[in-house]
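Student: Sequence:
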Amino acid sequence: MKLAERLAALAAGVDQGTYQPALFSLADAWDRRKVEELVAAGQVREVHDRYVDQLTELCVTRSPKQRLRGAALDEAVRAALGDGPPEERGTWVHYPWSGRLVHVLGEADYRDLRFSRNRYKITPDEQAELRNKRIGVVGLSVGQASAVTLALEGVGGLLRLADFDELALSNMNRLRAGVHEIGVHKCVIAARAIAEIDPFLRVEVSRTGVTEENVEAFLTEGGKLDLLIEECDDLYTKVFLRERARAHGIPVLMETNDRGMLDVERFDREPDRPVLHSLLRGLSAAELKGLTQAQKVAIVLRILGPDALKGRLGASLLEVEETTTSWPQLASGTMLGGAVSTDAARRVLLGELTRSGRYFVDLDAIVKDGREAEVQVDAALEEAFARKPLPPPEAPPLARPADKRTVTREDVRRLVGFGVLAPSGGNAQPWRFVAKGGRVRCKVSPDGGRTLNDYQHAASFVALGAAVENMVLAAPAMGLSAEVALAPEARDPLAACDVVFRVDDASYAVDPLCAVLGARCTNRKLGTGAPLSDRAAAGLVEAAEARGGKLLLVTDRAAIAEVGEILGQADRMMFLSRKHNEEMGAELRWTEEEILRTRDGLDVLTLDVAASDLAAVRLATTWKAVEFAAKMGGGGALVKSARRSLGSSSAVGLVVFPGTASRSYFEGGRALERVWLEATARGIAIQPWSAMLYLFARLERGGGKGLEPKVRERLGELRQQFLRVFDVPAGHAEILLFRLSKAEPPTARSLRKPVEDVLSFA
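Sequential numbering from 70 applies to the sequence shown in this note's numbering.
Hint data in this document are derived by calculation from the structure and do not stem from the laboratory. Do not rely on the hints blindly, as some may be mistaken.
Said to hold, decoys possible - Below, a list of computed lysine-lysine pairs in the BS3-like style, where the Cα atoms sit at most 30 Å apart:
no. : residue 1 : residue 2
1   : 822       : 779
2   : 619       : 457
3   : 709       : 134
4   : 190       : 619
5   : 505       : 134
6   : 594       : 457
7   : 619       : 700
8   : 693       : 134
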C-alpha cells in the first residue's frame, strides 16, 4: 500500500465524534473485564496512574491543622487506602479519543480535592448548590471559553452545549484547540476538554445547534435549564433563543467579545422583559430571517450601542463580506468573556446578581496610559512594622513638702496620676474624678468603657476600683490618710465612692505594693511555662483576700490547656461576630500619631506578636476581611493564639468577689489590683482576658440582650466548659480572668490620658 493510501486509511480511522469518557471500577468484575477488553483491543495507548498521589494530597487537604508529613502522612494514606489493592480504589477513566486510561479518586473525593482551593471564594454549600444547576451554552466559539471555565470552577452539574459548526483553522485565533482537531465538531472539542477536566461532569451536545425543532428539548428536557449562556453569531437565533427562554423563565447571559460587554437578562424574575433591553424596538425573531449584510450591520450596531462605532469593531462591520468573512474576535476577548460570564453565572445561580442590565469589563478603557491605579500601601500597618515603642507612662513623684497642712490641688493631681495607672479593659480608662478640697468623687464615665463587653458598666467599675486602690496605696507614701466612703450619692448610679484625703499628725505605714505602682503592666509575651511556686501562689491569694476577694488558681497543665481552648473559642466567636469585631478593632492603635492623640486604646506593639503576625491582627480586626470566614464557620486560626499563650503560662487566675452589684465589681477591682501588684512585685507577668467574663454576665443576668443568636448559643456552651474548670462560688462577681507566667518584659506599654482629661475641681 502506498504511503498516501496508508495515511488516508489512518485518517479515516480517527475518532471525530466521541466525547463521553467511560468510567470503571476495577473492584467490579464486569468493569474489570471491560478494561481488559479495551487493553486487548489496543484501545488503551497510555496509562496514567497517580491515584496514591491524589489520595496523599486529599489527606493533607482534609487535615490542614495537623500539617501531615513524613510517617504521620504515610499512616494517614495507608488508612485511607484500606486493605484492598490500590488499583481497585477510585475510578479508572477511559478517554476513547486519545486512548488514555487515567486512575483518579472516586467522584466525591475527586470533587472535594479539586474544589478545595475554591473554598473561601465559594463555600462547600454553594459548591453543592452549583452542582445541581443545569446550564446551556449556545455558540462554541466564544462559548467554548465559557463552558470550559464553568467546568473548571465547578459552576453547573449539567452543561448542555449547542453549535452547528466544525473547527476551522481560522477559528484557532480564539479557540483553544490543536491542529489535529481541525474538522472536529466544536461541541465535541469543548465536551472533550471538559471531560478531561472533570470526568464526572454531565455534558450533552447538540451538533445541529439550536433550531426551531429542538429548542424546547434543549431548554427543558429533563428539567428546564437554570441558566442560558448565548454566544452565537446568528441574529435570528439570538432573538429566538431569548423569546423561548423568556417563555420558560430562564435567565440569559451574553458576552460579546467586544469591550468586555456582558448582558444579563433575568427572564426568571421579569417574565415580560423585552429581549436585549428593548434595543431591537419590537423586532421579533421571525423578522430577522433573510436579512442583507447591510441590514445585519444595522441590527448589530443597535445591539452593541453607539460606542461600538468608536473602535476597530465599527470599522470592521463595513468590511464584512468585502475584505473579511465575519467580524473579528480575539483570543484575549474570548478568554476574558469566559471569565466574565462564569463569574456572572455563578452569582446569578447563587442569587447574588439579581438584576438585569448591561456591564462592561473594557480592558481598552481600564488598562491604558493615564489610567494607572495608585499603588496603595497600608500606611498604618507599615508604620507598625517599623516604629519603636513609645516611652511608658510614668508614676508621679511621691514626695511632698511636710509643711503643707492641707491637701492641695497638686496633691490631688498626683494621687489621680497614680490612679490612672490602673488597668482597664481595652485601656478604655472609663473613670472620672471630681475633687473638692481633699475629697475626690470617683465615678464611672458614662461613655468611657466598652459596650458589649461592659455589661451594666461592670468592667468599668472594676477599672475604677483598681484606680482607687492605687490612690489609697499612694496616699500614705505622700504623708496622707485616705478614707473610702462607698456609694456617696444614690442618685448617681455611676458614682462608686468618695475618697477623702487628709493631712494629720499620724504616721502611716506604707504598703510595699506602693513601690510597684508604676511598674504594673500587661505583659502578653509568651512565658517559659515554669510552674508557679507555692509561696507565690499563697502571696497572690492573700493579696485578693486583703480586700475581701478570692483568687481561684489553676495550675494543672491539662486544666490550663482546657482554659486555652475555651478562650480560643471565645476569641474566635468574638472575631467572627460583627459587633464584637468592630469593637475590638476600634480599641487598637496602629500609628504613633493616633496613640499620642487619643492616649487610650491598645498600642498594637503591646500585643507582642511578631511583625509578620501584625498583618494577621490587621485582617482579623477588619470585618470585611473576616465576614466571609464568619459565614463559612471558619476562623480556626483565631483559636491558636490563646492556645499558644496559655500553653506558655505558669497558671491561670480568676478573681471573684461576693455579690453582683456595681459595688461588688468596684470592690473586686480593688482586690484585683492588689493581686496584680503582688504579681508585679514577684516578677510574674499577667495577661488579662476579660471580655468573655462580661459576656457571660450579659448572658446570665441580662438574657443575652444585644448579642447575636449564634453568640448567645456559643457562649452558653463555653460557660458550661468554663464552670467545669473554675468552681465559682454562687452569687459572686467574676472580676478578671488572667494568665500568669515567667516572661521577659513587654515590648511596649499603653499610654494614659493626661490627668487633666479625667480630673476636674468643683
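Student: Run every hint past the structure and note whether it holds.
Tutor: These are the hints, each one checked on the structure:
Distance check on the hinted pair: residue 822 and residue 779 sit about 36 Å apart at the alpha-carbon level, beyond 30 Å; violated. For a cut-off of 30 Å, the pair hint linking residue 619 to residue 457 is broken: about 39 Å separates their Cα positions. At most 30 Å may separate the alpha-carbon atoms for a hinted pair to count; residue 709 and residue 134 meet this at roughly 10 Å. For the hint linking residue 190 to residue 619, the alpha-carbon distance of about 49 Å lies beyond 30 Å, and the restraint is violated.
Annotation: proposed proximity of residue 505 to residue 134 is violated, straight-line Cα distance about 60 Å (limit 30 Å). For a cut-off of 30 Å, the pair hint linking residue 594 to residue 457 stands: about 17 Å separates their Cα positions. Restraint check for residue 619 and residue 700: not satisfied, since their Cα atoms lie roughly 41 Å apart, outside the 30 Å limit. For a cut-off of 30 Å, the pair hint linking residue 693 to residue 134 stands: about 24 Å separates their Cα positions.
Hint check: violations occur at hints 1, 2, 4, 5, 7; the rest are consistent with the structure.
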